[in-house]
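Top to bottom, those sequences are chains A and B. Every letter in the first sequence is one number past the one before it in this note's numbering, and letter 21, counting from 1, is 21. Every letter in the second sequence is one number past the one before it in this note's numbering, and letter 148, counting from 1, is 148.
Hints in this document: simulated from the structure, not taken from any laboratory. There may be inaccurate statements among the hints.
Identical chains share a label here; the pair holds if one copy fits it or two copies do between them.
Here are the simulated SDA-like pairs of lysine to any residue, each with C-alpha atoms no more than 20 Å apart in a straight line [said to hold, decoys possible]:
#1 K33 to E242
#2 K231 to M167
#3 K37 to S82
#4 K78 to Q120
#5 K173 to I112
#6 K40 to P85
#7 K33 to E146
#8 K78 to P133
#9 K173 to E242
#10 K246 to F100
#11 K231 to T155
#12 K78 to R126
#13 K78 to F124
#14 K37 to T26
#15 K40 to D122
#16 K37 to D175
#17 K211 to H147
#18 K142 to D122
#19 K78 to D122
#20 K75 to E94
#21 K78 to T117
It should be emphasised that the depicted structure is a prediction, and the values quoted were computed from it without experimental measurement.
There are 2 protein chains.
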Amino acid sequence: MQRIKAVVSYDGTDFSGWQVQPEKRTVQSEIEKALTKIHKGSHVEVTASGRTDASVHALGQVMHFDTPLCIPDEKWPKAINSHLPEDVYVLAAERTTADFHARFDAIEKEYIYRVQTNSQPDIFRRRYTLFYPYPLNIENMKQAAEHLVGTHDFTSFCASGTDVKDMVRTVYKIDILEDRDELQFVLRGNGFLYNMVRIMVGTLLEVGRGKKAPHDISELLAARDRGKAGKTVPGHGLFLAEVKYKNRVSSNYA
Amino acid sequence: MQRIKAVVSYDGTDFSGWQVQPEKRTVQSEIEKALTKIHKGSHVEVTASGRTDASVHALGQVMHFDTPLCIPDEKWPKAINSHLPEDVYVLAAERTTADFHARFDAIEKEYIYRVQTNSQPDIFRRRYTLFYPYPLNIENMKQAAEHLVGTHDFTSFCASGTDVKDMVRTVYKIDILEDRDELQFVLRGNGFLYNMVRIMVGTLLEVGRGKKAPHDISELLAARDRGKAGKTVPGHGLFLAEVKYKNRVSSNYA
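Same shape as in the complex, but just chain A:
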């Protein structure tokens, strides 16, 4: 058996998220179907760096799976892609060590959230941006974002109902980029709680509109109360952009 690590992009629009669910179209099930075809009917399970919700996209989700097949690294993407629908695409694959785990070994993730701020919606971006036609104070949003950077208990920014115990995460960086009529939030951290990116963006947008002040963020974090933070913005503006792993010693391959 060989363990393969692969980078995959998908358009979340027509998916009920990453994870297999009965009767639903999910990214995981499409990829497993494709791999099962390549393996002549024997089921192959894939494990991702983390689930993504319905309508959330990925530019660089990472997953692993085990295979008895000896296919050169560079041929794997084409082999899988030939069995995938047009909204999922494997970008790269490589043989990795048997102990590599796409979820547990991830040390950093980058998410991008796209917001359309013009007064009229560009319908061609409706699946990939939040349409938010309000004047925003970007400077205040950037200040507020600085309060979120660092190691904090992010209970206030986690959707309730999660069974995760440890709510402490480290956010390395939040960039707010202006690109013509679009705002892009680029968030990097060692991990994100359930809906954490979407609640942070929702809160920053409320700061932008003047409903909250930048310095409110510290109190908000301290309160450890989901009710204090802003709304959860919709999934369709969110992209899982990159997952990083520790550099591994290549002799592990032997």
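Chain A is fixed; fit chain B onto it per the hints.
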């Protein structure tokens, strides 16, 4: 009755083109349904600057319709948009003269055709670009395009089966812009025959790949034979960008 001229954008992906067809989802029928609702059930017909085919998009299609309602210009878009699905959007509307005709009065059209030239498809642009992962000689394509500019008989660039008699059109300009991994063809002319833009782009791409030489284009035009030109590229890369009209004397409004 008042005649209203409106500018409309649509994502052609899920439409069988502009024109009403029985049992098909078309842009015209969605807009007429919306207008009929505003007019409490009485049917309102709209006339566009021209049809667009299935999966062809519009950034600025122009249409006109007649109405007995007195709604200020700036309120029309919102009124119509509130009854439209999310893939059609009215950008602007204004009262015009009773003799204005969206099709017959158009003096210039601009189309854009988008081509993705990277080796791996960006799935997020799959509905809006032709994926064409081949090395292209852009300089040769630009030279070839110059041969198409001007007043010519474009029979070689018109899909067969049309009942149009006069095949002479004037192409004002063809720009080929490189934007990262994308090529954009911007074509302006006084009018385009059926599939003319798509056949011109298909032919220019063949020049880019070295299958045709730039100077072949003149012969091709002279041949007046659809069989000599390149393939028709798919509709989903095509956008009707703008339609221009003569400036009209404003006293006509009275």
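Checked hints:
1. K33 to E242: Cα proximity of K33 and E242: none, with 24 Å in one copy and 44 Å across.
2. K231 to M167: So K231 and M167 pass the 20 Å test inside one copy only (19 Å; across, 58 Å).
3. K37 to S82: within (10 Å within a copy, 46 Å between copies)
4. K78 to Q120: Cα proximity of K78 and Q120: across copies only (10 Å, versus 40 Å in one copy).
5. K173 to I112: Only inside one copy: K173 and I112 sit 12 Å apart there, 38 Å across copies, limit 20 Å.
6. K40 to P85: For K40 and P85, the Cα distance is within 20 Å only inside one copy (18 Å; across copies 43 Å).
7. K33 to E146: neither (43 Å within a copy, 49 Å between copies)
8. K78 to P133: So K78 and P133 pass the 20 Å test across copies only (14 Å; inside, 41 Å).
9. K173 to E242: The answer is within: 14 Å in one copy meets 20 Å, while 41 Å across copies does not.
10. K246 to F100: within (10 Å within a copy, 66 Å between copies)
11. K231 to T155: So K231 and T155 pass the 20 Å test inside one copy only (14 Å; across, 58 Å).
12. K78 to R126: between (30 Å within a copy, 17 Å between copies)
13. K78 to F124: between (28 Å within a copy, 18 Å between copies)
14. K37 to T26: The answer is within: 17 Å in one copy meets 20 Å, while 37 Å across copies does not.
15. K40 to D122: Neither, since 44 Å and 29 Å both go past 20 Å.
16. K37 to D175: neither (42 Å within a copy, 45 Å between copies)
17. K211 to H147: within (17 Å within a copy, 58 Å between copies)
18. K142 to D122: neither (25 Å within a copy, 30 Å between copies)
19. K78 to D122: So K78 and D122 pass the 20 Å test across copies only (15 Å; inside, 33 Å).
20. K75 to E94: within (10 Å within a copy, 56 Å between copies)
21. K78 to T117: between (38 Å within a copy, 18 Å between copies)
Checked against the numbered hints above, the structure breaks hints 1, 7, 15, 16 and 18 and satisfies the rest.
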